[in-house]
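Based on the provided sequences and hints, a complete structural model is requested.
In case you want the letters, here they are:
There are 2 protein chains.
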Amino acid sequence: MIIENSLDEVKKRETSLKIIKSIINAHGRDNLYDFTGLSGGFLATTDDLNLLETYVGPAIFEEKLQYLGKVHLGGEKIFPVNRTSSGILATILALVPRNSCVIHFVPELPSHPSILRSCKLKNANYIEFDDISRFHTPQNTSLIIITGATMDHKVIDEEIFEKIIAKAKEKEIPVLVDDASGARLRTAIYKQKKAIELGADLVVTSTDKLMMGPRGGLIGGKTELIDEIKACATKFGLEAQPPTILAMVNGLESYNENNLLNSIEKRNKLIKILKNDFKYFEESPTGVMISENSLKKEIANQNIETTFSPKDLCFLWAMILLKQEHIITIPAVAMPGASATVRFDLASNDALKLDIAILQDKIKNSFKYLLKIATDEEVAKDILFNCE
Amino acid sequence: MIIENSLDEVKKRETSLKIIKSIINAHGRDNLYDFTGLSGGFLATTDDLNLLETYVGPAIFEEKLQYLGKVHLGGEKIFPVNRTSSGILATILALVPRNSCVIHFVPELPSHPSILRSCKLKNANYIEFDDISRFHTPQNTSLIIITGATMDHKVIDEEIFEKIIAKAKEKEIPVLVDDASGARLRTAIYKQKKAIELGADLVVTSTDKLMMGPRGGLIGGKTELIDEIKACATKFGLEAQPPTILAMVNGLESYNENNLLNSIEKRNKLIKILKNDFKYFEESPTGVMISENSLKKEIANQNIETTFSPKDLCFLWAMILLKQEHIITIPAVAMPGASATVRFDLASNDALKLDIAILQDKIKNSFKYLLKIATDEEVAKDILFNCE
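Those protein sequences? They're chains A and B, same order as listed.
With the first letter of the first sequence counted as 1, position 77 gets the number 525 in my numbering; the numbers rise by one all the way through.
With the first letter of the second sequence counted as 1, position 360 gets the number 808 in my numbering; the numbers rise by one all the way through.
Source of the hints: derived by calculation from the structure; they are not laboratory data.
It is possible that some hints are incorrect.
Any copy will do: because identical chains look the same in the list, a pair fits if it lies in one copy or spans two.
30 Å max Cα-Cα, derived DSSO-like pairs, lysine-lysine [said to hold, decoys possible]:
(1) 812 <-> 720
(2) 641 <-> 518
(3) 617 <-> 723
(4) 670 <-> 469
(5) 568 <-> 670
(6) 518 <-> 459
(7) 466 <-> 670
(8) 641 <-> 727
(9) 829 <-> 745
(10) 829 <-> 670
What you are looking at is a predicted structure, and each value in this text was computed from that prediction instead of being measured.
The structure is reproduced here in structure tokens:
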């Protein structure tokens with residue numbers, strides 16, 4: 449293992465940020481291609497900015513956010529948080545009594561680590577399922593969490609969603625839906641209902657995933673629960689700050705389902721041409737991706753034997769894509785514990801400025817280089833941690 | 449008690465934000481006077497804004513922040529967090545093992561509640577002192593926290609600071625200094641050394657306190673500790689987001705000790721003229737203030753008997769100041785658990801646009817009205833929770 453723990457992941461991310469800076473300085477922002485699907489941007493006018501002061505900004509933008517947030521998520525009240533992870537932390541700290549039980553249904557394991565981590569702080573008994581037939585709620589269950597779409601964009605079946613809600617209502621247990629990308633993916637692409645319409649009490653989404661918002665989270669739901677979460681969040685400093693709230697307002701205003709739908713057409717083209725050279729690429733809802741284990745198989749399929757872990761191979765490829773091809777993918781820049789799947793999200797803004805055939809070349813070239821160095825630990829470490 | 453708990457405080461804050469919005473809409477930003485000393489603002493150029501994307505922004509601003517942060521705080525490495533409270537949470541989650549002991553020295557009790565709250569999540573044994581002669585460190589102490597300056601701007605004695613550091617070094621216990629406003633107050637006004645220069649391992653400051661930065665926190669200190677804190681913070685979503693980092697960079701660049709020093713002269717004028725009508729106003733380092741208990745005494749001194757709690761009286765006065773005089777003070781807009789002391793901070797930007805004699809009138813008029821309604825619970829509730 450080269451990337452062994454969270455500290456290594458932070459170090460790797462720091463390397464990436466420095467590389468990104470040097471690419472922009474040397475080649476300009478136009479020659480950098482962000483395919484993470486997470487890079488929402490920060491939309492603001494000069495008038496907006498003049499109002500961005502600690503206590504004045506939120507007063508102005510709060511009302512707009514309430515309106516737009518409710519249109520987007522449903523629910524009675526909206527609360528903006530610093531990140532989806534901090535929103536999940538606030539919800540668990542506020543609603544889960546010590547030593548009670550939290551049940552989590554995820555369309556496909558593994559789940560996002562932020563839920564288990566937050567549960568540990570309340571010494572809660574955390575149980576997760578991806579098989580509805582095994583789903584049950586112990587007597588002291590204080591919260592049920594449903595993941596609407598996983599980090600790798602696996603989407604929950606709407607019927608299973610409704611089954612869980614029915615069970616929760618029967619036992620009067622509140623339901624939080626982690627709809628980080630799902631709030632758009634499930635609704636725009638899969639034509640499912642909003643989490644709140646399906647009966648959830650709370651939903652949280654990431655305003656930088658599949659929309660032009662800032663990194664941040666938006667919680668919607670019942671006023672009474674939101675008020676409890678908000679009181680807890682402001683105590684620990686988990687709420688979104690004024691500039692983020694402003695960017696959320698503008699991101700929500702500019703959100704348009706059609707941009708997501710267009711990306712599907714591009715995805716179909718790309719996956720078709722990639723099939724000439726690769727065996728294990730898969731479709732994601734708005735792009736193409738290759739998981740840790742699939743990448744290991746893809747390399748084996750080229751008759752290269754490597755002792756590198758599947759995760760390290762993903763990190764390595766992501767760093768080669770960044771350093772040589774100026775393409776940003778999630779494994780290069782993610783926070784610790786995020787999925788290492790290499791994904792090219794065609795709903796990203798930067799997808800508009802790169803022809804599909806050129807993207808194909810960049811993917812092929814960087815993969816060729818990955819094959820070349822996939823057995824050399826010294827070179828690999830240099831790629832992961834050296835900014836030169 | 450009218451404001452009984454955190455939920456009430458959140459409700460009161462929401463009322464204030466709506467009032468602020470309606471004042472700006474009806475009278476313009478120029479007729480609103482923010483005397484919190486917390487309203488830093490958001491300085492940014494158009495070029496800055498074009499770079500504000502999730503993964504690209506921090507790459508650009510991170511390097512500048514490292515440089516400017518180290519100039520401001522000292523230390524080997526800087527880490528920006530969403531709020532000082534979230535920085536304290538991250539530090540305690542990262543460095544305090546379960547059931548160990550955290551020692552906190554504060555120049556004058558009560559201490560800021562974020563430290564105790566964070567300790568509870570690790571089931572840590574929390575001990576606080578404001579008397580150095582009682583200071584001791586039990587055997588399983590994992591962290592010593594020193595508050596450099598309290599919420600009410602009471603500043604630590606530098607000799608006591610050094611004594612605690614010496615004890616910590618002897619036992620090899622890391623020291624975090626909560627220098628929220630102290631990083632500027634202690635150094636610019638009291639001519640003390642930076643926390644790191646005095647031997648602290650870590651220091652955290654609020655970039656919106658006594659400087660033109662955004663609401664947010666900045667941690668500085670030893671690389672090894674910062675890396676641990678950062679890994680923990682990014683897991684829970686406690687780090688500052690790109691727009692905040694940008695505003696921190698510009699806030700640090702524009703920081704100038706002389707602005708703080710000028711406010712002292714204004715303070716001396718104001719306290720002198722207030723003494724004509726008030727008995728219990730005190731000086732703060734950069735303004736004037738009246739604590740909960742002093743306000744209760746001030747009202748009694750006018751021969752008004754009220755059953756309202758001292759805290760409620762502060763909240764009420766702050767709301768009258770906002771609604772009738774368009775003056776923002778901390779009790780009107782603070783997060784739950786903050787001090788209810790009514791303070792007029794003359795280092796605030798808006799102090800520049802209000803003559804001292806007019807400010808005196810506004811303080812007098814609003815206090816007269818407070819006396820009038822200080823026995824009427826219905827009117828008081830209306831003032832605290834009604835936005836009309």
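Here is how each hint holds up against the structure:
| no. | hint | in the structure |
| --- | --- | --- |
| 1 | 812 <-> 720 | within (14 Å within a copy, 76 Å between copies) |
| 2 | 641 <-> 518 | within (14 Å within a copy, 50 Å between copies) |
| 3 | 617 <-> 723 | neither (46 Å within a copy, 62 Å between copies) |
| 4 | 670 <-> 469 | between (42 Å within a copy, 24 Å between copies) |
| 5 | 568 <-> 670 | both (25 Å within a copy, 28 Å between copies) |
| 6 | 518 <-> 459 | between (38 Å within a copy, 19 Å between copies) |
| 7 | 466 <-> 670 | between (42 Å within a copy, 21 Å between copies) |
| 8 | 641 <-> 727 | neither (34 Å within a copy, 62 Å between copies) |
| 9 | 829 <-> 745 | within (22 Å within a copy, 67 Å between copies) |
| 10 | 829 <-> 670 | between (49 Å within a copy, 24 Å between copies) |
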